[in-house]
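Work out the full structure, taking the sequences as your base and the hints as a guide.
So you can see what is in the structure, the chains are spelled out below.
Number of protein chains: 2
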Amino acid sequence: MIDKILKDYNVILASASPRRKEIFSLIGITCEVVVSDVAEPITDEDPALQSMRHARNKHNEVAAGCDENDIVVSADTIVVLDGAILGKPRDTREAISYLQRLSGNTHTVITGICVGTLQNHRCAYESTQVMFSQLCSTEIEHYVATGEPMDKAGAYGIQGFGSQFIRRIEGCYFNVMGFPVRRFYDTLLAMKQEDII
Amino acid sequence: MIDKILKDYNVILASASPRRKEIFSLIGITCEVVVSDVAEPITDEDPALQSMRHARNKHNEVAAGCDENDIVVSADTIVVLDGAILGKPRDTREAISYLQRLSGNTHTVITGICVGTLQNHRCAYESTQVMFSQLCSTEIEHYVATGEPMDKAGAYGIQGFGSQFIRRIEGCYFNVMGFPVRRFYDTLLAMKQEDII
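Going down the list, the protein sequences come from chains L and D. My numbering numbers the first residue of the first sequence as 3 and each following residue consecutively. My numbering numbers the first residue of the second sequence as 3 and each following residue consecutively.
The set of hints was computed from the structure by calculation and includes no laboratory data. There's no promise every hint is true.
Claimed, not checked - To give an idea of the chain D side of the interface with chain L (calculated C-beta under 7 Å), a few residues:
{"#": "1", "residue": "Glu24"}
{"#": "2", "residue": "Ile29"}
{"#": "3", "residue": "Cys33"}
{"#": "4", "residue": "Ser38"}
{"#": "5", "residue": "Ala41"}
{"#": "6", "residue": "Glu141"}
{"#": "7", "residue": "Gly162"}
{"#": "8", "residue": "Gln166"}
{"#": "9", "residue": "Tyr175"}
{"#": "10", "residue": "Phe176"}
{"#": "11", "residue": "Tyr187"}
{"#": "12", "residue": "Leu191"}
Values in this document were obtained by computation on a predicted structure and should not be read as measured data. Here a beta-carbon is modelled for each residue, glycine too, at the ideal position from N, C-alpha and C.
Here it is, written out as structure tokens:
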């Protein structure tokens, strides 16, 4: 299991997301948080490649200051609806507009991760389908007023008030929360197999 | 949203599960916990009907002591693999055997809920498919040693160490955690439509 594989390393989480920190704690991993300030510009590139590139950029910045006993883990979560990427909303108006677009539709959540040292690291990604219920304007207003959408890609959080809007998902739940636990485990197993951790 | 519908009621959660209490807190519902000691015998009855019957029995016992301003909410979660119901493991040996059976297979998690007063209540259920990765005996032993499987139907918890074993789900995540949030919301909306809450 993940805690066994990582027991001889210092784990450094290169992310400011409290949700990722919470997931690490759920699986018994104590980690230090070191936040990178790499920008994550949204481009026309394939979303999966884009999420891995963002994750690798964050990883490289943080790993550059670490030693070989540190395992740096970074992640980048992207919400894709009909080919368009929905980032973190800039203001409540954009949050309302994003939620109107998600309402009654299925979108994709992709998280890219990058794991290892500066020299030896691997990238991977996970993709999950998320089906939203039909939202009325009162629900959207009430939800935006909670403040929950404002710091989240796609303007919703699956693990809070937003849980009420999710009819079903297909794939990894933790990926939608911001960190694909099983994909991370598979990546670590592959790195162990390659003898690089 | 759920908190708006329930704002004039005392919400009573007829369940000892800390995970259900946590879900209520995630969606902003303050509730009182009143635990029923109704037995939940596993029978040959259809699992969905069985989960709703268990939920209704717990509901009725607790609701009998409540007044009309109380909304009692109960739930019962059942894990079904190849037609067999896996309850809470009696000991670590049974936990190991359940995890061996879940390994590499897809099972179904069904949660029945019952909501309302003694006179006016509605039952519903939600069903989610859960795909487990292939587990080796070391992983199973390590997991059982964490103690996490012992108080959970099917001998695993999706929201803790067990998250590492889940390759994907199809349906509601919160249902697997023990309480189907969206189904609960739909049930409340239907009850409001019927004018019984």
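A quick look at each hint next to the structure:
1. Interface restraint check for glutamate 24 of chain D: the shortest CB-CB distance to chain L comes to about 10 Å, outside 7 Å, so the restraint is violated.
2. A distance limit of 7 Å between C-beta atoms decides the matter here; for isoleucine 29 of chain D the minimum to chain L is near 6 Å, and the interface restraint holds.
3. Evaluation of the cysteine 33 of chain D hint against chain L yields a violated restraint, the C-beta minimum of about 16 Å exceeding 7 Å.
4. A cut of 7 Å between beta carbons decides the hint on serine 38 of chain D: the least distance to chain L is about 25 Å, and the hint is violated.
5. Given the 7 Å rule on beta carbons, the hint for alanine 41 of chain D is violated: about 31 Å separates it from the nearest Cβ of chain L.
6. At a threshold of 7 Å, the smallest CB-CB gap from glutamate 141 of chain D to chain L is about 6 Å, leaving the interface hint in force.
7. For the restraint placing glycine 162 of chain D at the interface with chain L, the shortest Cβ-Cβ distance is roughly 6 Å, inside the 7 Å limit, so the hint holds.
8. Because the smallest distance between the Cβ of glutamine 166 of chain D and any Cβ of chain L comes to about 5 Å, under 7 Å, the interface hint for this residue holds.
9. Interface restraint check: tyrosine 175 of chain D against chain L, minimum CB-CB distance 4 Å, threshold 7 Å, status holds.
10. Interface hint at phenylalanine 176 of chain D: satisfied, since its Cβ lies 6 Å from the closest Cβ of chain L, which is below the 7 Å cut-off.
11. Checking tyrosine 187 of chain D against chain L by beta carbon gives a least distance of about 5 Å; that is within 7 Å, so the hint holds.
12. Among the interface hints, the one on leucine 191 of chain D is violated; its C-beta lies about 10 Å from the nearest C-beta in chain L, farther than the 7 Å criterion.
The structure shown violates the earlier hints numbered 1, 3, 4, 5 and 12.
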